[in-house]
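Protein sequence lines, in the order shown, are assigned to chains A and B. In short: position in the first sequence from 1, add 23, done, that's our numbering. In short: position in the second sequence from 1, add 243, done, that's our numbering.
Derived from the structure by calculation, the hints contain no laboratory data. Hints may contain errors.
To be verified - No farther apart than 25 Å at their CA atoms in a straight line, the calculated lysine-lysine pairs in the DSS-like style are these: (1) 137(A) to 57(A); (2) 137(A) to 298(A); (3) 365(B) to 302(B); (4) 184(A) to 137(A); (5) 184(A) to 302(B); (6) 274(B) to 365(B); (7) 302(B) to 250(B); (8) 184(A) to 279(B); (9) 250(B) to 184(A).
Here the structure is a predicted model, which means the values were calculated and not measured.
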Amino acid sequence: MIMSSVVEHFPVLVVVASLLSAITIFIAGWINRKTACYISVATVLGQFIASLFILNHVMTIGPIHYRLGGWSPPWGIEYVMDALNAYVLVVLLFLGFVCVIYSKRNIEHELPQKVVTFYTIYQLLITGLCGITVTGDIFNMYVFIEITCLSAYALIASRGKIALKASFTYLVLGSIGACFFLLGIGFLYSVTGSLNIHDLSLLLPPLYGNRVVLAAFVFFIVGLSIKMALFPLHTWLPDAHAFAPSEISAMLSGIIIEVSTYAFIRITFSVFTLKFITIYFPIMSILSWLAAIAMIFGSVLAIAQYNFKRMLAYSSVANMGYIMLGVGLSTSTSLGLTPALMHILNHALMKACMFLAAGAFIYKADLWDIRDFQGLGRKMPYTCMAFLLAALAMIGLPPSVGFVTKWYLIIAALEAKQFIFVGVIFISTLLMIFYFWRVIEYMYIRVGDEGKKDMRIDEIPRSMLIPVMVFACLCFIIGIIWLIEIPLPILDKVNLMFGLGKVS
Amino acid sequence: MEWFIAKIFAKYNYWVFIILMMIGFYGIVAKDNLIKKIIGLNIFQTAIFLFFISLGAVKGGTAPIVDEEIIRKGYIYANPLPHVLILTAIVVSVATTAVALSLVIRMHQEYGTIEESEIIEKSSDEGMTRAQG
Numbered sequence: 024m025i026m027s028s029v030v031e032h033f034p035v036l037v038v039v040a041s042l043l044s045a046i047t048i049f050i051a052g053w054i055n056r057k058t059a060c061y062i063s064v065a066t067v068l069g070q071f072i073a074s075l076f077i078l079n080h081v082m083t084i085g086p087i088h089y090r091l092g093g094w095s096p097p098w099g100i101e102y103v104m105d106a107l108n109a110y111v112l113v114v115l116l117f118l119g120f121v122c123v124i125y126s127k128r129n130i131e132h133e134l135p136q137k138v139v140t141f142y143t144i145y146q147l148l149i150t151g152l153c154g155i156t157v158t159g160d161i162f163n164m165y166v167f168i169e170i171t172c173l174s175a176y177a178l179i180a181s182r183g184k185i186a187l188k189a190s191f192t193y194l195v196l197g198s199i200g201a202c203f204f205l206l207g208i209g210f211l212y213s214v215t216g217s218l219n220i221h222d223l224s225l226l227l228p229p230l231y232g233n234r235v236v237l238a239a240f241v242f243f244i245v246g247l248s249i250k251m252a253l254f255p256l257h258t259w260l261p262d263a264h265a266f267a268p269s270e271i272s273a274m275l276s277g278i279i280i281e282v283s284t285y286a287f288i289r290i291t292f293s294v295f296t297l298k299f300i301t302i303y304f305p306i307m308s309i310l311s312w313l314a315a316i317a318m319i320f321g322s323v324l325a326i327a328q329y330n331f332k333r334m335l336a337y338s339s340v341a342n343m344g345y346i347m348l349g350v351g352l353s354t355s356t357s358l359g360l361t362p363a364l365m366h367i368l369n370h371a372l373m374k375a376c377m378f379l380a381a382g383a384f385i386y387k388a389d390l391w392d393i394r395d396f397q398g399l400g401r402k403m404p405y406t407c408m409a410f411l412l413a414a415l416a417m418i419g420l421p422p423s424v425g426f427v428t429k430w431y432l433i434i435a436a437l438e439a440k441q442f443i444f445v446g447v448i449f450i451s452t453l454l455m456i457f458y459f460w461r462v463i464e465y466m467y468i469r470v471g472d473e474g475k476k477d478m479r480i481d482e483i484p485r486s487m488l489i490p491v492m493v494f495a496c497l498c499f500i501i502g503i504i505w506l507i508e509i510p511l512p513i514l515d516k517v518n519l520m521f522g523l524g525k526v527s
Numbered sequence: 244m245e246w247f248i249a250k251i252f253a254k255y256n257y258w259v260f261i262i263l264m265m266i267g268f269y270g271i272v273a274k275d276n277l278i279k280k281i282i283g284l285n286i287f288q289t290a291i292f293l294f295f296i297s298l299g300a301v302k303g304g305t306a307p308i309v310d311e312e313i314i315r316k317g318y319i320y321a322n323p324l325p326h327v328l329i330l331t332a333i334v335v336s337v338a339t340t341a342v343a344l345s346l347v348i349r350m351h352q353e354y355g356t357i358e359e360s361e362i363i364e365k366s367s368d369e370g371m372t373r374a375q376g
């Protein structure tokens, strides 16, 4: 009983802990640079454990409502934890924790002068991401989106050179997206006078059909589509993901665009309700088609890349297509949001594993180009094996996580009688086999002239290898856990909350 | 004429905000100079701030300060909430501008120019194929 009353304060503690640790790291780093990493690891581990308690509390007792400063909801800011954001919070903090362990050696190698600032900004990034997930107030969400993105711009730019250009493009597009989000908030505020998500969902229904509300919805959709790199608005993504430090690439691909997707789901299903998006503004079929184009287009462009991390970045565009297809089909099947939410975790695991493996190749021998990977399978056997497992998972080898997503998406598409999307999933899988096979071929099969460099390469340090291996193993373990349906009650609760999954 | 007055003059604050927003958007899209792009971004953001602030304004309203006299005499006052929100958003916008300007400074150090097309030209062989990072 005491425990549960403590857990009710965790939503705000999760956000405050990393904000405080950012300041602590900055000051402690002045005195001793080596402390920065350890403080960061300890904080994120603590937050991860707290998020597990929150998930447990939400599943056993019910949603947590935390009032900041004791102000009651429509006036004050409220933090709300329900099944949806508790799940996203666990995923994001797990990824953040593993990436921060990986970053210790990699950052000392890549950015030796900037270790302290790196961890400071990393903690701000975690603050922003946690904030987006826990908040129950849309203006607060806007502020946290900006905190996340500002720290992401700085982290992307930290390697200098072309990364600066990539970061600047992301900054301009990201700011436009955030401004659209702000404009949407302004429109909703002008008709309802409220900013609280729950309050808005009660005040809006009589106003559905009002042109201001429709315009607000469009601004929200476009703004968040830029943030989550939905197909025609993905142009900032490849460069930003390719030239950031590798653990940041893993965070960007694995979590930042997924948290934007979470914000998208929150806006479409919580602020606006199922009734609005099915009757007044039928956006779901447009979303599914955009997602289908993204799945094909991202994969085709990935084939054209020789830069390994750019290839993975285009693969992320394709995978955002999978998530959005899940969202797009959610209103017309009995599975609801289950496939989309599954793929948020699945994509985080697979893509993080691949980007961390790519980081390992850069750490050891500055290898960026796939054509330089010849004979790597024998020199770095564990890293290459981890990459191979993640690639197989993404292609969809049972019982991996990628297989589970594709299985559920195909069931959803069949149930919705949208047979064309089944075809799209198959074509996109074929294209995936094509571009991953090319990498695997260079790694394991092509030998002969050993590339341009003198390749005296061995395995990466253990603190980097273990995160990569953990993700690779989880790709299959989580897949089995999905298949025996242990975590499905969480997702069922989300569907129940939004009134999804009843359509037969 | 009446239509014109009702649509344009009665709601001039919205028109100003839309025009400013489009000017800013033009700057972001069309200008090659990165500093001009940032200026465009600032105009874009400021347009939205003006929209919010004009939302809170009430004709003949005074400043929203809790005061005995205002309450007693039944004065009307402006809605303070949009103004407070914009105070936060201005801070965000200043931070964005600061990050953007520092990126431009670093790019100028690396490439010796702040014209976007020249930077793309100079960095085109980086990263695409056998990148050195």
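Can you list which hints this structure breaks, lowest number first?
-> Failing hints, ascending: 2, 3, 5 and 9.
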